[in-house]
Structure formats: C-alpha cells, structure tokens
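Undergrad: Chains as they are written, first to last, in our numbering: chain A, 1 to 307; chain B, 1001 to 1222.
Hints may contain errors.
As the list claims (entries may be wrong) - Within a straight-line C-alpha distance of at most 27 angstroms, the following computed DSSO-like cross-link-like pairs (lysine-lysine) qualify:
{"hint": "1", "chain 1": "B", "residue 1": "K1165", "chain 2": "A", "residue 2": "K199"}
{"hint": "2", "chain 1": "B", "residue 1": "K1054", "chain 2": "B", "residue 2": "K1020"}
{"hint": "3", "chain 1": "B", "residue 1": "K1197", "chain 2": "A", "residue 2": "K170"}
Said to hold, decoys possible - Covered stretches of chain A (in silico footprint by chain B; criterion: 3 or more residues with CB under 8 angstroms from a CB of chain B, positions within the stretch not fixed):
{"hint": "4", "region": "117 to 131"}
{"hint": "5", "region": "273 to 284"}
These aren't lab readings, by the way, just hints derived from the structure by calculation. Backbone N, C-alpha and C fix where the C-beta goes; we use that ideal spot for every residue, glycine too.
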Amino acid sequence: MMTESRLKKVLQSGNFAVTAECGPPKGADPEVIKSKGKILKDYVDSVNVTDNQTGVVRLCSLAACALLKAEGLDPVLQMVTRDRNRIALQSDVLGASALGIRNILCLSGDHQSFGNQPQAKGVFDIDSIQFVQTVRTMRDAGEVIGGDKLTEPPHLFIGAAANPFADPFKYRAARLATKVDAGAEFIQTQCIYNLDRFKQWMDLVRDSGLDSKVYILGGITPLKSARMAEYMAKNVAGMDVPEEIINRMKSVPAKEQRQEGVKIAVETVQALQAIKGVHGVHIMAIEWEDVVQQIVQEAKLFPRPQV
Amino acid sequence: MITAERKPISEIKEMIAPYKKILVVGCGSCVAECASGGEKEVGLLASALRMDSKASGKDVEIKEMTLDRQCVYEFIDQLTDVVDQYDVILSLGCGAGVQAVAEVFPKVHIVPALNTTFIGQTKEAGLWIENCRGCGDCKLGFFAAVCPVTRCAKGLFNGPCGGSKTDRCEVDPDVPCAWQLIVSRLEDMGRLDLLCKVHPPADWSKQQGKGPRKIYREDQRS
Chain A
1 MMTESRLKKV LQSGNFAVTA ECGPPKGADP EVIKSKGKIL KDYVDSVNVT
51 DNQTGVVRLC SLAACALLKA EGLDPVLQMV TRDRNRIALQ SDVLGASALG
101 IRNILCLSGD HQSFGNQPQA KGVFDIDSIQ FVQTVRTMRD AGEVIGGDKL
151 TEPPHLFIGA AANPFADPFK YRAARLATKV DAGAEFIQTQ CIYNLDRFKQ
201 WMDLVRDSGL DSKVYILGGI TPLKSARMAE YMAKNVAGMD VPEEIINRMK
251 SVPAKEQRQE GVKIAVETVQ ALQAIKGVHG VHIMAIEWED VVQQIVQEAK
301 LFPRPQV
Chain B
1001 MITAERKPIS EIKEMIAPYK KILVVGCGSC VAECASGGEK EVGLLASALR
1051 MDSKASGKDV EIKEMTLDRQ CVYEFIDQLT DVVDQYDVIL SLGCGAGVQA
1101 VAEVFPKVHI VPALNTTFIG QTKEAGLWIE NCRGCGDCKL GFFAAVCPVT
1151 RCAKGLFNGP CGGSKTDRCE VDPDVPCAWQ LIVSRLEDMG RLDLLCKVHP
1201 PADWSKQQGK GPRKIYREDQ RS
C-alpha cells in the first residue's frame, strides 16, 4: 500500500505541525544522517533535508531522504533549481516518489557564489515558482513540462519557502499568493526573530485569504550565542534579528546564552501557536539537532500526534 | 553595445612571443565606445609592446590599423592587401570580430587582445553595466524594462528571492536588486497586475537550443 505524507496528515487533521531540518554531512557517511534521524524521530512529524545549502557540496538530499525514510521518518526533500535543469529536476522528482518520499520543498537555492564552488555555473533553468508549478502539474495532470504523459505521477505533498522579512515587504504577500497559485500546499518561512513584522505579514496573508489555502509553518532557529545573533543580523541575507533579541542574548553570561536562545525559541513557538493562520513550526537547529527535543517538549508539543 | 576589457599585457606578450611582424587591429564600433579596442587603445597597446620589445632587445615590427567594424566583411576587406606582410594579427575586436577576421584569412594567425564580456550600457563615464543576455525572447514588457534574466543573479522570472534587503542584491551589495526595481517601477505605473500571473519556464532553445544561432533574412540577401 502506498504510504502518505505524515506532514500532510498532521496538517489535515488540524494538529499544529512540527518539522525540523537535517543537514547532510560533507562526506559519504550514512551514519551521520541516521543518527540525526534518531535524535529527531518521535519529536517531529517530518524532517527537511537541505540540498547543498549555501552552495556547499554535501551528501545529496535525495539519498539522505531515502536513508531517513528507511529509518521510519517522513522526509521532506528540499530541491533547489540552482544545480539542475528541468530534465534533472523532473527526473529526481520521479525518483523521489519511487523511493517513497512524500514531501518536497521547491527552492531556488542560495547563490553558488556563497559556497565552496564559487566558479560553478548556476543553472536556474527554472525558478522556484515554476518548479512548484511543474511538480504540481506532474502530480495532478500526470504531465511533464511540454505535456508528455507520465506512466505514473509522483505522489508528493508540495511546499515552498517564504521570507516575511525580505524586501519589498508589501509585495511579499503577493508573492506568496503566486506560489499558492502555482500549486504550493505548505510554506516554511525564514527564521522568525522579529515577531512584530511576522505578525504584520500574517495580517497581509489573512487579508488575502491565503491562510485557508496553504499551510504555513513558521521558521525557528535557536540562537547559540549573542555573537551568532549579531552575525546573522549583519551578514545573513534576508535575516531580521532585532536589536532587542541581540541585547537579550548579551544580557546573560556566555555559558548561559545557549539556554537563553532555547528560551527565545520556545517563546516564539508559543507565540506562533496563538497566531491565526500559522499551522506549525519548522525548527532549523543547524548542527544542533539534539536541541529540537528540548524545544518541542518545553513548547508542550510532545508527544507528536499519531496519524 | 558589446563590452570588452583588455587582457593583461603579460598574457598578450605570451601569445605574440613567437612572432616578429605584428599587426595590431582595432575596431571602431562597440569596443571603441567602451574604450577597450578603438584607435586610441590600439595606439596605447602598440606603443607599450614596442617599448617592451626595445627594452628586451627584440627585433619586432609592430604596425597599427583600426577598422570601422571588425565583424563585417566590407570593412575586414581593408586588411586584404596588407595581411601577408605580417606573422600575426593581434585583434582588439570583440570575439565576433576576431572570428570574422579569422574566417576571411584562414591562413593568418590571429590572437585576441581583449576579453569580450557582455552586452551592456554606458551607465556613466568609466562605468558599463550588463543588462542584456541576448536570450532571443525579450520579456522586458512584463518587467518594467528591467531584465530579470540578466540583472537578477538567479535569473528569476517570478519575483524576488528571499535575500533582497534594503534594495540590494544579496550576491553583490553594489548591485541593486532587479526585482526591487521591477516591483517599484510597476507600482509607480499602476501595473502590479503584471506580476500576478505565473510566468512559465523560459524557452532557452531560443538562446542555446541548437548551438550557435543565426538570423537568416531573405529580404536582405539581394
């Protein structure tokens, strides 16, 4: 019998969903993925696997998803259009479905100039919205780009990203509408530190009626230190870390800053639960996967629903 | 115009090292406009090479010539009577010019002195910016005359990526975010509706589908 996306079932049953991120290693060792999977299993509904994030070569997302699937997790395959043309993307979409992967997050990807292959040719044959539309058409119409029929469509729950903090702000909700029109069924947002601005964005989202058309999962990244907060505020594109968050991190001694970061994360998760139209959280604890258990427990989102 | 930049002198010297009689050939069109391959630049490069050969005690003859256009046969033909007198042509034309001259004189060794870079505009004195990729399927009408293929680092057709902040591109903060420009211009024009529809995947076959492109027009043949 065909398995279904656990993420989709959790969201459809009205539960507040929890997903987490799992970054593959810079090497061929499958145990790294499996041990991260073990830490996250039971504490989250689904696990996103990043696709050569920041343009750095890592074990491939599709293989890592297959490893997690075999360990009983529900992986979300992240795929970027930076590295593959439409032939390769559509082929990998079919391969993912054949391997039992049931969720995909369609992204354009961090520009190659940021990574360890800055001389690479960026493909960008299609963009993230066109990719969403392509996967949706493959699934629902059973067709690839150009109209050729598939013998069997891919079975995937289709997601996209949104950044409520990037400019031009007013246009961000319109862009989300375009992603939904293209076929996105769930959205994972950029890390939220500026709750006020996120709430403003959600106002725009609700005004456009988008909250009833797409599941929105708010992005959470626990801060490890005041320095990390400052670094992200200054150096990470599209990231909004307000001064008050940086000051709060600075106000505690260095060795307690990790716990302060977790506290902020838990408070943000709880604040998001109270916002109408937010259907879950996506926890991106970069190389700090074991903190996910603590955040999920302290936010009283454990145990996860059986669906 | 087609823009170009002169290669480092060391690279040029290495290419012409085996030769004694050198004809430096400029082009009076695009590369003259962007101050890399016009008559003036031909003079400067030829002088530099003469001084260098003198300093190193080499017996080298360097002559100069600038064609109005290096990519059109009628102008290239001006080289026909002189080309046999030289061992090499050092071309300050763009890549199209170098290849056009080579095609007319298949037995002559021709080497480039420029790196051809992009189709662009003279933004201000001494500043040229790339704004067209020659994709063969112009969609500027949808995008307030700002080309997302060229001016967005990711070539996105459907809105900005998540990295644009305070009007700047995340890849190079010196460059304005093309999508910020598109959105604000369309807003000023009251045409944000143009961004509501999903632009389908581009037809790149018009750019590189079957290798090098050609334009063939019967009405121009006779």
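Undergrad: It remains to establish, for every hint, whether it holds in the given structure.
TA: Results for each hint:
1. B/K1165 / A/K199: Cα-Cα ~19 angstroms, so holds.
2. B/K1054 / B/K1020: holds (13 angstroms)
3. B/K1197 / A/K170: holds (17 angstroms)
4. 117 to 131: Held - the region 117 to 131 of chain A has 8 residues with a Cβ nearer than 8 angstroms to chain B, which meets the minimum of three.
5. 273 to 284: Contact hint for the region 273 to 284 of chain A vs chain B: violated, 0 residues under 8 angstroms.
The structure fails hint 5 only (numbered hints given earlier).
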